[in-house]
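Student: Assemble chain B onto chain A, guided by the hints.
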Amino acid sequence: MLTIKNYKKAESLEEAWQLNQQRGSRILGGMLWMKMGKGNVQTAIDLSGLGLADIEETEEEFRIGAMVTLRQLEIHPGLSAYTKGAMKEALRHIVGVQFRNLATAGGSIFGRFGFSDVLTMFLAMDSYVELYQGGLVSMAQFARGGYERDVLVQILVKKRPMLFHYESVRNSQTDFPVLTCCGALDPDEGQYRFAIGARPGRAIIIEDKEHILAGGITEKQAEDFGVYAAGQTPTGSNMRGSAQYRSHLVKVLTARAALELNKGDL
Amino acid sequence: MLVNIILNEKKISADVEPDLLLIDFVREQGCLSVKRGCETSNCGLCTVFLEDRPVLSCSVLAVRADGKRVTTLEGLKEEAEEFGAFIADQGAEQCGFCNPGFVMNALALFRENPDPSEEEIREYLAGNLCRCSGYEGQLRGIQAYLEWKKSNRV
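So the sequence lines, in the order shown, correspond to chains A and B. Per the numbering used here, the very first residue in the first sequence carries number 1; after that it's consecutive. Per the numbering used here, the very first residue in the second sequence carries number 1001; after that it's consecutive.
Errors might be hidden in some of the hints.
[To be verified] 25 Å max Cα-Cα, derived SDA-like pairs, lysine to any residue:
#, chain 1, residue 1, chain 2, residue 2
1, A, Lys-38, B, Pro-1114
2, A, Lys-88, B, Pro-1114
3, A, Lys-35, B, Phe-1110
4, A, Lys-88, B, Phe-1110
Rather than coming from a laboratory, the hints here were simulated on the basis of the structure. As the structure is a computational prediction, the values presented were derived from the model and not from experiment.
Just chain A, same shape as in the assembly (with noise of 0.2 Å):
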């Protein structure tokens, strides 16, 4: 069970970082997972005072408040178009609407679960998280980092001209996932690159560094960017599926990426 002695809404950031510094705290997202967990939280801090609960869309990018609910993501038309419809493929199958209605941003990408569909997404995309010390920091970079006491204030999501497919597999309906894809294609520039989670460790991304896809696709191309993905990919075994299953998976689900890539009209 998780106990906690003390509640504060921050009133600035500052205060929530200051308060974030002292052993015992911790910032609450939409607590979710860390209601799971147990454990004695000292002080809570709740962001949800500090306005940063909106998606401001500007012509270059997107502004993703840290208390941003998962919901609020998937039914963002802007987002949905960028994406073209990758984000709300990537959350619907997210436990219910009404856990996406509680659960955050800053949340699922703060504590890079091994099972984030959300991280998936996120990799996938020209992405940043905005700390409120350490300032900028690219979503992979943050992806590898630890658990640091800083504060995370926003994502910043650039729209880069490229082209998303989402794919996951679960056991059941609204499960954790079992394996995640995010293929993303930069068509100007005819690059590939994969988000693949749930392996279940944390969402790693792999180019096509070996130009296995380089100049249109064929279904043989494909399967054979598939086995180079798997054997990039580190998998493991747990409860939802076996290592080997999952480096199948990412086999299947990377090539299956790719070829709705290739077909440029998601």
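Tutor: Chain B in isolation, oriented as in the chain A frame:
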């Protein structure tokens, strides 16, 4: 901590512990329709509206509802009875334990999307688990209710 929560349109001031969950708060206030099913934020039984959005009250701190409107099935009696009759007509449920959370989320769906497709219904209600049924009766009940609503509108 002192909180002011508008529960089913009634303002309630209470002194609560920082880790009191909203589900326990509303149950203490007599809203016993709100049930704890799974303890893992998965089953949807504890669904309430927080500022009109359906949320899992087992996963929200009561202090976070300070200054906000919370609605439970008790506050939606007419709407719930009207819809619930269609579920009963199908004999959709056996034990009925999941019913309040299911009805709450179905009402949230109808407010957000008054004319949902079968796929949209399934997707919106995927977070409401029922362990007696196969959901087919509930689906028929929802569709019959929506048809009835439509014919009433004309």
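Student: If a hint holds in the structure, say so; if it does not, say that too.
Tutor: Results for each hint:
1. A:Lys-38 / B:Pro-1114: Cα-Cα ~41 Å, so violated.
2. A:Lys-88 / B:Pro-1114: 20 Å, holds
3. A:Lys-35 / B:Phe-1110: 30 Å, violated
4. A:Lys-88 / B:Phe-1110: Holds, at about 20 Å.
Of the numbered hints given earlier, the model fails hints 1, 3; all others are met.
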